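Residue-level listing of the chains:
There are 2 protein chains.
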Amino acid sequence: MPTIETIISPALFHLYEGGLEHKNVVVIDILRATTTICVAFANGAKEILPVAKPEDAAAMQQMGWVAAAERHGETVEGFDLGNSPQDYTQERVSGQKIALTTTNGTRALQMSGAAKNIFVGSFLNLKTLTEYLRNDNSDILLFCAGWKDKFNLEDTVFAGAVANRLAESFTISDDATLAAIDLYQKAETDLTEYLQKASHVNRFKSLHIETDLEACLKTNTLNVLPVFRNGSIQNQNHV
Amino acid sequence: MPTIETIISPALFHLYEGGLEHKNVVVIDILRATTTICVAFANGAKEILPVAKPEDAAAMQQMGWVAAAERHGETVEGFDLGNSPQDYTQERVSGQKIALTTTNGTRALQMSGAAKNIFVGSFLNLKTLTEYLRNDNSDILLFCAGWKDKFNLEDTVFAGAVANRLAESFTISDDATLAAIDLYQKAETDLTEYLQKASHVNRFKSLHIETDLEACLKTNTLNVLPVFRNGSIQNQNHV
Chain Y
1 MPTIETIISP ALFHLYEGGL EHKNVVVIDI LRATTTICVA FANGAKEILP VAKPEDAAAM
61 QQMGWVAAAE RHGETVEGFD LGNSPQDYTQ ERVSGQKIAL TTTNGTRALQ MSGAAKNIFV
121 GSFLNLKTLT EYLRNDNSDI LLFCAGWKDK FNLEDTVFAG AVANRLAESF TISDDATLAA
181 IDLYQKAETD LTEYLQKASH VNRFKSLHIE TDLEACLKTN TLNVLPVFRN GSIQNQNHV
Chain Z
1 MPTIETIISP ALFHLYEGGL EHKNVVVIDI LRATTTICVA FANGAKEILP VAKPEDAAAM
61 QQMGWVAAAE RHGETVEGFD LGNSPQDYTQ ERVSGQKIAL TTTNGTRALQ MSGAAKNIFV
121 GSFLNLKTLT EYLRNDNSDI LLFCAGWKDK FNLEDTVFAG AVANRLAESF TISDDATLAA
181 IDLYQKAETD LTEYLQKASH VNRFKSLHIE TDLEACLKTN TLNVLPVFRN GSIQNQNHV
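Chains Y and Z are the protein sequences, given in the same order.
Under the numbering used here, the first residue of the first sequence carries the number 1, and numbering increases by one thereafter.
Under the numbering used here, the first residue of the second sequence carries the number 1, and numbering increases by one thereafter.
FYI, nobody ran anything at the bench for these hints, they're computed from the structure.
Everything numeric in this text was worked out from a predicted model, so none of it was measured.
Think of the CB as a built atom: it goes at the ideal place given N, C-alpha and C, for glycine as much as any other residue.
Hints may be right or wrong, so weigh each one.
Said to hold, decoys possible - Here are the computed distance ranges between Cβ atoms for each label pair: (1) Z:R92 to Y:R134: 52 to 58 Å; (2) Y:M1 to Z:H72: 21 to 27 Å; (3) Z:S138 to Y:K97: 48 to 54 Å; (4) Z:E193 to Y:K197: 24 to 30 Å; (5) Y:T171 to Z:R92: 36 to 42 Å.
Said to hold, decoys possible - Derived lysine-lysine pairs resembling DSBU-like cross-links, with alpha carbons at most 30 Å apart: (6) Z:K218 to Y:K186; (7) Y:K127 to Z:K197; (8) Y:K127 to Z:K186; (9) Y:K186 to Z:K205; (10) Y:K186 to Y:K197.
Hey, can you work out the whole structure from these sequences and the hints?
Shown next, in the form of structure tokens:
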């Protein structure tokens with residue numbers, strides 16, 4: 001059976017690079033980049049270009065793209081959108097191309113460049129994502145974007161949710177994935193309640209964006225499968 | 001209140017180095033280096049010198065030290081002792097100075113050099129260790145030695161055991177420590193049973209050293225507090 005492994009911080013990515021070209025990578029940045037990307041596609045966005053710096057998004061803005069930039073949890077001044085999924089309404093993103101820069105998520109996508117497929121995962125598209133992964137039957141790397149290279153509770157809990165759904169069809173022998181499953185099983189009855197203690201959620205509270213948490217934890221609400229290929233993200237369900 | 005943070009891999013150590021001189025570091029390598037060090041002191045060892053390479057231990061052997069070396073879980077040929085706690089009997093270590101090299105534990109000790117105190121933690125001396133940490137009332141870094149820089153279930157569960165005992169006297173806001181506590185609480189009713197799934201335990205099984213697992217998980221059996229200072233380890237309870 002193929003394997004599932006979990007990378008709990010980008011700083012450990014180099015330990016998992018072997019055979020990357022045969023693996024499906026899922027990039028996970030629950031609060032909020034990968035959740036927001038799922039919402040954007042569900043609301044009709046055509047393409048999302050993850051870029052490293054706000055200046056890069058601003059440059060795309062000059063060419064007619066919608067520019068989205070967040071740093072340290074806040075929308076960068078002068079940009080069309082930030083990184084809150086609630087900003088990405090049908091009205092604002094349908095038919096649009098979006099240039100997006102975020103603190104951790106963009107970096108994780110770019111690091112994964114050599115993989116067989118690079119998917120964008122969130123609780124919202126958990127079912128669609130795991131169905132694809134089960135059918136494709138390749139080794140999986142669950143890549144938690146973390147927060148400035150530190151371990152992050154919500155990303156790891158989501159990795160556990162993916163592994164938990166796929167446990168019957170994959171070999172799970174690495175400790176990080178086993179721990180992620182246990183954390184998810186502890187959290188699943190009430191994700192919002194469980195994640196109240198996460199440091200990132202407390203960072204949210206100080207930014208007055210608490211309602212985002214609920215928006216980021218709605219499970220299996222969206223039938224989208226964003227895939228990062230040739231430098232940009234498209235919705236595979238529409239390609 | 002002082003804080004507790006958990007470093008789940010040596011590859012993340014650099015994220016926690018700030019203010020290290022004011023922090024108590026606990027180096028954790030449950031299977032088996034830090035467990036073995038506790039047993040050695042309980043059985044009367046005078047001093048343990050952690051060294052980087054088997055050659056270094058061999059050099060000390062020429063000077064009358066007991067030489068202990070393990071690589072990839074096995075005793076190196078020609079050495080007096082390996083890294084199994086069951087080897088460190090009173091008969092073999094009482095009154096002795098021991099030069100010890102291990103895969104992950106030695107490295108973590110040496111990385112922590114600048115800390116206020118560097119303690120050696122294991123389930124065996126959990127009570128003695130946590131009593132000291134509570135009284136000393138300084139910030140704590142729980143440093144999991146891991147396995148070749150990967151996340152490691154038994155070390156993280158032990159970090160959770162320490163944090164769980166100290167939760168009332170310390171602020172715990174980092175996600176890694178919160179996760180470690182949840183994993184410990186899941187494991188504590190039967191540590192041996194819980195850790196059967198750990199990848200390191202399965203590595204043990206393939207090396208036919210299963211009985212070591214039980215020896216490494218005996219909780220609060222030893223009243224020792226090994227401390228790493230000026231390059232070597234002594235038992236603080238005897239200094």
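Here is how each hint holds up against the structure:
1. About 53 Å separates the C-beta atoms of R92 (chain Z) and R134 (chain Y), a value consistent with the hinted range of 52 to 58 Å.
2. Distance hint check for M1 (chain Y) and H72 (chain Z): the Cβ-Cβ separation is about 26 Å, which falls inside the suggested range of 21 to 27 Å.
3. Range check, S138 (chain Z) to K97 (chain Y): about 53 Å between beta-carbon atoms, so the 48 to 54 Å window is met.
4. Under the hint 24 to 30 Å, the C-beta atoms of E193 (chain Z) and K197 (chain Y), about 27 Å apart, fit the expected range.
5. Between T171 (chain Y) and R92 (chain Z) the Cβ separation comes to about 40 Å, which falls inside the hinted range of 36 to 42 Å.
6. Note on K218 (chain Z) and K186 (chain Y): the hinted pairing holds, with a Cα-Cα distance of about 26 Å set against a maximum of 30 Å.
7. With a C-alpha separation of about 27 Å, the suggested pairing of K127 (chain Y) with K197 (chain Z) holds against the 30 Å cut-off.
8. Proposed proximity of K127 (chain Y) and K186 (chain Z) is supported: the alpha carbons are some 27 Å apart, at most 30 Å.
9. A threshold of 30 Å between alpha carbons decides the hint, and for K186 (chain Y) with K205 (chain Z) the separation of about 29 Å falls inside it, so the pair holds.
10. Distance check on the hinted pair: K186 (chain Y) and K197 (chain Y) sit about 13 Å apart at the alpha-carbon level, within 30 Å; holds.
Going down the numbered hints, you'll see the structure goes against none, and every one checks out.
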